[in-house]
Structure formats: C-alpha cells, structure tokens
Amino acid sequence: MVAKKAWIPATGTYTIGETSEPFNPTMGNISFGTHEPRLQGENPEEKETSYEELLSEGDAIKEYLRVASLANLANVHQTDEGNWNARGDPTEIAIQVFATRFNWNRRASVAGDNPAWKMLSEFPFDSDVKKMSVLYQDIKAKETFAFTKGAVERIIASCTSYVAKSNEEPIEITEEFREQVLENMEGLAKLGLRVLALASRRYEEEFEEGAEIDRTVIENNLVFRGLIGLYDPPRPESASSVRKCHEAGIAVHMLTGDHPGTARAIAAQVGILPSKMDLISKDVADAMVMTASQFDQLSDDEIDKLPVLPLVIARCAPNTKVRMIDALHRRGKYAAMTGDGVNDSPSLSRADVGIAMGQAGSDVAKDASDIILTDDNFASILAAVEEGRRTFDNIQKFVLHLLSQNVAQALILLIGLVFKDGENISVFPLSPVEIMWIIMVTSGIPDMGLGFERAAPDILSRPPQDSKKGIFTWEVCCDMLFYGIWIAALCLASFVLVLYGFEDGFIGYRCNESISDGCDLIFRARATCFATMTWLSLFLAWEVINLRRSFFHMRPNGNRFYGWMKDVWTNKFLFVAVMAGFVLIFPLLYIPGLDDVVFKHTGISWEWGIVFIAALLFFLGAESYKFGKRVYFRRQESRKSTACDPSLGVEERVFQRYLTESSMSSGGMKEKA
Numbered sequence: 006m007v008a009k010k011a012w013i014p015a016t017g018t019y020t021i022g023e024t025s026e027p028f029n030p031t032m033g034n035i036s037f038g039t040h041e042p043r044l045q046g047e048n049p050e051e052k053e054t055s056y057e058e059l060l061s062e063g064d065a066i067k068e069y070l071r072v073a074s075l076a077n078l079a080n081v082h083q084t085d086e087g088n089w090n091a092r093g094d095p096t097e098i099a100i101q102v103f104a105t106r107f108n109w110n111r112r113a114s115v116a117g118d119n120p121a122w123k124m125l126s127e128f129p130f131d132s133d134v135k136k137m138s139v140l141y142q143d144i145k146a147k148e149t150f151a152f153t154k155g156a157v158e159r160i161i162a163s164c165t166s167y168v169a170k171s172n173e174e175p176i177e178i179t180e181e182f183r184e185q186v187l188e189n190m191e192g193l194a195k196l197g198l199r200v201l202a203l204a205s206r207r208y209e210e211e212f213e214e215g216a217e218i219d220r221t222v223i224e225n226n227l228v229f230r231g232l233i234g235l236y237d238p239p240r241p242e243s244a245s246s247v248r249k250c251h252e253a254g255i256a257v258h259m260l261t262g263d264h265p266g267t268a269r270a271i272a273a274q275v276g277i278l279p280s281k282m283d284l285i286s287k288d289v290a291d292a293m294v295m296t297a298s299q300f301d302q303l304s305d306d307e308i309d310k311l312p313v314l315p316l317v318i319a320r321c322a323p324n325t326k327v328r329m330i331d332a333l334h335r336r337g338k339y340a341a342m343t344g345d346g347v348n349d350s351p352s353l354s355r356a357d358v359g360i361a362m363g364q365a366g367s368d369v370a371k372d373a374s375d376i377i378l379t380d381d382n383f384a385s386i387l388a389a390v391e392e393g394r395r396t397f398d399n400i401q402k403f404v405l406h407l408l409s410q411n412v413a414q415a416l417i418l419l420i421g422l423v424f425k426d427g428e429n430i431s432v433f434p435l436s437p438v439e440i441m442w443i444i445m446v447t448s449g450i451p452d453m454g455l456g457f458e459r460a461a462p463d464i465l466s467r468p469p470q471d472s473k474k475g476i477f478t479w480e481v482c483c484d485m486l487f488y489g490i491w492i493a494a495l496c497l498a499s500f501v502l503v504l505y506g507f508e509d510g511f512i513g514y515r516c517n518e519s520i521s522d523g524c525d526l527i528f529r530a531r532a533t534c535f536a537t538m539t540w541l542s543l544f545l546a547w548e549v550i551n552l553r554r555s556f557f558h559m560r561p562n563g564n565r566f567y568g569w570m571k572d573v574w575t576n577k578f579l580f581v582a583v584m585a586g587f588v589l590i591f592p593l594l595y596i597p598g599l600d601d602v603v604f605k606h607t608g609i610s611w612e613w614g615i616v617f618i619a620a621l622l623f624f625l626g627a628e629s630y631k632f633g634k635r636v637y638f639r640r641q642e643s644r645k646s647t648a649c650d651p652s653l654g655v656e657e658r659v660f661q662r663y664l665t666e667s668s669m670s671s672g673g674m675k676e677k678a
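The sequence shown runs 6 to 678 under this note's numbering.
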C-alpha cells in the first residue's frame, strides 16, 4: 500500500509517482497542482517539483504532515545497510512513508536524546466511530495537541474549521465546504484510492497522567487539514482468481470498510463488478454496490425480495457482514467468508467456511475460522476449492468402482444359482475365496489408487455440487447399475460359453467343495469367469477416472491416439495397482494347490480368448455408454437458458442478470419518453 495523492485545501493536490519500493521515501517523484481532486477530469496541470520547495509554501502543509506523522503508530526507518524497513499497520505505514518524504518522521520526532513531541494518550481505531486519535505534548512549547485521522465522513462531521489559505488562521466550516470535501473524496475514490481525512486541534484542557479522558471531547471541534489517498493494488493473481471463481460457478461478493467509490473501482479492477459499468443503468448499478447503512436499513424480508444481492457493500460494519451471510443462507447458498480483523470473527463463525488470513489476521479471527491462509492470498482459496472438488470427485470414483463390482458380484452369484449339479445343488460361478480376492486386491488396491487421481482439467469449469445430494447423484447411480450389469453379463457369458458353448455342460458333483470327478469343466469355467471379472474390474478403475470423457481421450488437449498412455501413467499408484492385478492372476490360476484347493478353479488355455473378447466388449460397451452420456448432457445444456450460452464470455454470463435488468430499465425509460 502506498500514498498516491494528498489534498490540502489551502494549497492543492500532491501526486506521488510510481515507485517499486513502497517503504522507501526517497523513491518516486512528486508533482503538485493547485487544482482539487474533484476536477481531475478537466485535465488539470501538475508540475514536478521538490519536497523542499513545497515545504516553503507555508504552514498548511506542515500542519498536515504533523498529523500524518504523529496520528500514526507505524515505524519507518533506514537500516545501517541503507535499506528502508517498516513495521506496523499497512495503512499507517503508507501515510508514514508519505510524511517521511518531507522529513516529517514520527520516529525522529518522538525518539532520540532530544525529542520534540511526547505522546500522552492514544485512542485506537474503532469501527463504530471509524477514527483513531492521539494526544501529544509539544515538549518545547508545553502545549498539548490532538491529532486525528479516519473516515472522511466522520472526520468532516467532527470539524468546525479549516485553513483556506496558507499562513492564515482557520475559518469556520460551511456546508458548502463540507460538500466540497466529499466531492474531492469521490474524485480520489474513483481512482481506486482508499481515502482518509486528517484533522487536529489544540487541547486546552489540563492533562492529568492516568486520568480517564472522554474520547468525544478529543475528537470534537477539530481543524480539517486535508485528505490522503492510499493505493492498495490488488495482487496480480486476484483478477484471474476471481475470473476462475466465476467460471467455477462461485459468486464473489466484496464487503469492505472502504468508501463506495474506492470499493467500486477496486471491484471493477479484479472482476467482481463488470468492466462496463457505464453501460448499466443507475438503479441497477446502485443495487450492485451499496453502503452498509443502505443495506442495514432493509429488513430481512426486503433483502429476500431483492432480485440479486449486492456484489459490493462499502463502509461495512461487523453486523452487516453477518446479515449478508444470513441472506445468502436464506437463499440456499453455501457461503465462505474471508477476514482478518477482530470485527470479522462473528461473520467468520456464521459462515459455512470461515477463512482467516494467517499473516495479517488477528488471533481472534483465526480462532473463529475453519481455514487459515498462510500466504494471505485469495488465489489459495481457489486452490482449496479445486482440492475440495478433486477429493469429492475421487470419493465418487472410489465408491462407483467399488459398488459397481459389488453389483456385478451380486448378480453373478444370484443368477449363478440356476447352475445345479446332479444333486440339485447350485454351483457358484465364483468361489468364496475368488470373491474375497476380488474385493480385497482386485478392487481394494485400485480403489486406493483412485484416491491419488489428479483433478480433472475441467474441474473449475463446472458448477458446484449440490451439498444436499451428496456423492450419489443420478449419474453415479446409473453408472453403477450399467457397469455392474455389463460386467456381470460378460462374466456370466464367459462362464456359460466354456460350460455349454464349447463343452457338453456336465457339471459333476459337489464342485463347490473340491475338484472331484466331473468337476474339471466347472473349474475351468469358474477360472474363466474369475479371470474375466479380474480384468474387467481393473479396466473399470481406468474407465471411472472420468465419468464422461473417453478413456482414450481423457485430456481435452491430449493426443487422440497416444494420449491415453500418458494418462494411465500419470497416476503411478493406480498404474502399478492395475498392472499388479494383471500379473497376479497367473500364479493364482497355475500354481498347484493354490488353484484347485484354495480358489476352486484350475488353469485355462484356449479360454483366454474368451477373456480377451470379453475385455474388448467391455471397452466397447463402456465407451458407447459414455458417448451416449456426452450427447445427452450436451443436449441438456443446450436446453438451458441463454445465461449458459457458451458463445458468451465469462463476464457476460456472470453479469447477464444485471445487464438484462439494465436493458429492461433503459427500454422502459425510452418507452415512457
């Protein structure tokens, strides 16, 4: 944060040039013009000058700098190595750096062997009064002064006089001058600057050490000294992060203590407000940006009747943020709230997810939050959303893979009851140990691998999941049934082909217990069914990586012919798990004793052809099913409202509701005209 502009009624406007070192007061040129900020659109002339020349113009700027440096607890100093360091609140640091440019540094005034000023009392910033004040004694003159800074509306309301010309006595403030100050504040705010007012007064009352002082007395009958505009540039990644939030179906609202003009400018810079605000009618624009007083005047019923909630609320109080969270909840929204101050703790607690800043956040805010951002970066919230969606997707994949196999196994065992031996006892297509192996190894290990799956390329281009539906959506349930039935059909078909298609179908007796006479055929059919089930279960783990995209083209920008090879290798754990499942099937089929005694099957030869054909048919069926899903969902999306028209840009889609209302409003006005 840096101080970019200052306005002193008796002199004019001061502008600081670009600087790459915000703590260094020697960097950045200064220019001066006698115009007011409210007239900046009229091409006012400013000339570059020196700090020494500006200080020679009179006492008005000196009184202004005295307030800027002393109504301030920040410490700006130069190290022995020549580097400039700062400690304190970012706002106060920026103001202190500005004062230090003119050699008015608080540290030099109150510290050292011969200090000029002594601080007697401090009244910290209060969100209710939106001011902070300090009481200082001029050690040499033995006089006491009060220095105050804060929100412009609050400061100007507490002022009774101002200096119209340098080196002259203060004159009484008029309502016309108050309006002039507010207009100048608007002029600075439109530049995206956070505007504060500075004021001071001589404290005539006798000061007693340890005695309680009435704050209202200190912050009353002040002399208005001027305005200062601070620029806190959004992080470079903020605009792109907000855009990605919009693409992900996340609405971003900004609740700030800044002036509405400042809030509007910053919100437009980062994309919370549309860049073409001038095309929106005034009534709609006013609904998009409100002050806390306007929002708080509305009852809950009136807020609920608003077509859309305001995107920006300025001059926020703690209760305003809580009411905004409640309003979102009444509309069925899932709300996440970010904050760093003590006053943010109520809203952080009320939100579904409270997010506190780890570096600038207070301990109270951190205790009230669910998540702490260690880098204070808005982009980290988007990364958390992506990770949350990835985790949700992977749980869906895990459950889908597991339950699809359960459906297949249940169908195989139920339908398998029709195969009976000579004693009219049902013969199982899969033995109990085979089923345990499929559940524990063939299914369990790939399921773990699905938990390591990376986020899908379009994960932040999808709308949020409905928290009420959970993981069992209609799509997942249909997938589970399709894959389960398709795998069961292929496994039973392989069992039947070996048993009846190429042999006489003789089952033998008590083939569920041992390989007795006449059980060789059923043991080979069971082995074929087991091998088919194993392979299809392993292939299914790759198919469910993406519920809609083809296994052979999972990445939109991947190679259409060879991309799948890279995709399966991306998740190395899953790749190893699938390969291990392929390899382990062979010792289970051919090791004597392990095959016929433990697993109740025997080795196969030509039956592998059936297994290969079943695997090909599985891929053919799965890919056809996914193709049908893609066609269906594309048609569903095309039937939606034009708000989801893919031909529109992100900004047009996000703000179309406002633009539509604005067009209707403008059309109505023209019709009346």
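Accuracy of the hints is not assured; some may be wrong.
Stated by the list, open to error - Heads up, simulated EDC-like pairs for lysine to aspartate or glutamate below, C-alpha to C-alpha not over 16 Å straight-line:
{"hint": "1", "residue 1": "Lys123", "residue 2": "Glu148"}
{"hint": "2", "residue 1": "Lys52", "residue 2": "Asp64"}
{"hint": "3", "residue 1": "Lys123", "residue 2": "Asp94"}
{"hint": "4", "residue 1": "Lys249", "residue 2": "Glu392"}
{"hint": "5", "residue 1": "Lys67", "residue 2": "Asp143"}
{"hint": "6", "residue 1": "Lys425", "residue 2": "Glu518"}
{"hint": "7", "residue 1": "Lys473", "residue 2": "Glu392"}
If you're looking for bench data, these hints aren't it; they were derived computationally from the structure.
Hint-by-hint comparison with the structure:
With a CA separation close to 11 Å, the supplied pair Lys123 and Glu148 stays within the 16 Å bound. For the hint pairing Lys52 with Asp64, the CA-to-CA distance comes to about 21 Å; that exceeds 16 Å, so the pair is violated. Between Lys123 and Asp94 the alpha-carbon distance is near 21 Å, which puts this suggested pair outside the 16 Å criterion. With a CA separation close to 14 Å, the supplied pair Lys249 and Glu392 stays within the 16 Å bound.
For the suggested pair Lys67 and Asp143, the alpha carbons sit about 15 Å apart, so the restraint of at most 16 Å is met. Between the alpha carbons of Lys425 and Glu518 the distance comes to roughly 14 Å, so the proposed pair stays at or under 16 Å and holds. Only pairs whose Cα atoms come within 16 Å are accepted, and Lys473 paired with Glu392 is rejected, the gap being roughly 20 Å.
The structure fails to meet hints 2, 3, 7 from the earlier list, while all remaining hints are met.
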